[in-house]
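Chain residues, written in single-letter form:
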Amino acid sequence: MALSQEEIVRALFRARSRISASVWLLVRDAQTAEDIFQDTSIKALTKGGPFETIGHLQSWAQLTAKRGAIDWLRHHRPTWLAIDGYLLELVESRAGNRPEGPRVDALRACLESIPQRSRQLLELRYFDARPCSEVAEKLGINLPAVYQRLSRLHSALRQCIEQHLAGDNTAPQPGTEAR
Amino acid sequence: MTPEGNEKTSARWTELAMRYLDGRLAPSEVEEFNAGLRDDPAAQAWLWDVAQQATTMGDLARQRTPSEMTWLPSLPVVGMFPNWVQGFLAFALLLATMVATAAVFWPRHNALATIVTVTQVTGDARWTSGGQVRSGVALGDKLAAGTLAVLDETGSLEVQFDDGTSLSLASNSEVVVSADPQKQIHVNEGELFFSVAPQPVGKPMVLHTATADIEVLGTEFAINAQREQTVLKVDRGCVRVRRLADGRTVDVAEKQAIVASLDAATPFRPSSPQSPPTDWQHDITEPVASTSRGEWLPASADDPARIHAVPCLAGRAQEGRAAINYGVVVRGLFGSNSTFVSLTNESVLHLRYRMKTPVAIIAFLCAKIPGGQFGANFEVTIPWQKDAAEPGEWRSADVPLSKCRLLRAGCAQAIDGTELGTLFINSTLFDAGLEISELAITQVSARN
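Protein chains in written order, with our numbering: chain S, 1 to 179; chain R, 1 to 448.
It should be emphasised that the hints constitute simulated quantities derived from the structure, not laboratory data. Hints should not be assumed to be uniformly reliable.
[Claimed, not checked] Some but not every residue of chain R turned toward chain S, in silico, with C-beta under 10 Å: (1) TRP46; (2) ASP49; (3) GLY58; (4) ALA210; (5) LEU297; (6) SER300; (7) ILE369; (8) GLY371; (9) GLN373.
For glycine and all other residues, C-beta sits at the position ideal for the given N, C-alpha and C.
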């Protein structure tokens, strides 16, 4: 029996984090990834043929969203290199099954606890979606230093989020080694 | 936790990963990045975590209230004001929302606004944008931002922006054009000529190729862009070129040329391009260059090395069907000259060939003027020579190029003084089994 519209919406919402992260790895812009996810959702709801199972829907949505990402890259970033399809699948295979809500809360808590300088770096890069060259200029540091600090912050945030989700309220503050 | 492996490898791979995420990973770094990702589960997990963090931060960004934005001052609490002020603020907020909504949709409408007009076209030219496709672009067509492509071996396309800036595409060329807020041209591949009107201060026209970024304020120049190399020749004015491999920037002045490749070790300085020689012979002892077309066959006990004709797209028929000609295409190789022989009234095309089906051969010539601008297209017919067979059914022909017919004039109307960029020897619509063992352009007949 075909999925109802309500079931489609719920299933897409559950898969949103995974689909958005996959798309982000291609387009590397969070707002664009969200736009592509929304376009995919609209297509799912207006698609002519029915979805028989949630697995069918989520596979279709994942594929459609990635195609949308590749099309966006071709039009807007034709010189950018895209990660190979099979490598992207390898990366996606590392996704866990945790619900999205607690992860968002954990990230918000971790962001509030990092030093101002580190938070400014993350805000410029991911909240304002500025390229690293602009971030470097804004902060008065060189580009390799931006890359280094970002990679360390990501690693530290990962550790902080994991410890929050594990229920450890005394998780060490991330970003303390980012100078 | 950084990816496993020794610290040096991890630091190097994470730097490559950050460059990939920043859109700055060079083609030469791709294999190293892919290998690190393919072979290390920790790297895969790290990258997935980064993606989740980034998208989550994007969600948090959309949820921010103005007071949470670090660069904005906190807004006053609305309830502090009298009711009439609150009502006014509510109306102002509603009006601002309506304006913001219009601002969301207005750029979408503007994205469909035309930015160029087709001023010249031959062969099969196509425009695509946002899922729309228009094949068989015609003279006078007005096109929005999108991808322009000339798909066949003999076609060309010229478009013009409102300020008079013009862009000419040669055969097998593809570009992505936009003009908001300044002209941006992404050259996917091919050979192009630009005549750029003076641009607004602070908004130069910017070209992007696989190996260089080029900034233009007002000038005339030609580029040949391939995956490994971009060749730029400036006819008038000055052009600033940044080589992507190492970020070096060079200004290229009038009548100079420069080559920007993926290899940062190669020289990157302007030079004065030399005109190609008036005598040229195609080297058929080696496989066909990547810029040319044809199936190369090595020498055997019975036959010399030769090039066999292949199907080539040569435009579209009126009903939209692809026109396929069977032939051999020779184009200028890499270097500061994408033309390979200078033509004069004394130039002679020498050909040693054979065919399974006795038909006439057409030689199509796409010529340029010194500097790279399109000169003209010419054509000459080589009739079937019934009684001129040599052993192995080989035949020779020497055709004075002064007998060429002018197909389309650009900056030239005659062969004399032009430089040859593309030579297409074909048996038109028939696969006549054409093979060529000698191909040359000289100043005298090869038989003399």
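Outcome of the hint check:
no. : hint   : in the structure
1   : TRP46  : holds (7 Å)
2   : ASP49  : holds (5 Å)
3   : GLY58  : holds (2 Å)
4   : ALA210 : holds (6 Å)
5   : LEU297 : violated (35 Å)
6   : SER300 : violated (41 Å)
7   : ILE369 : violated (30 Å)
8   : GLY371 : violated (27 Å)
9   : GLN373 : violated (25 Å)
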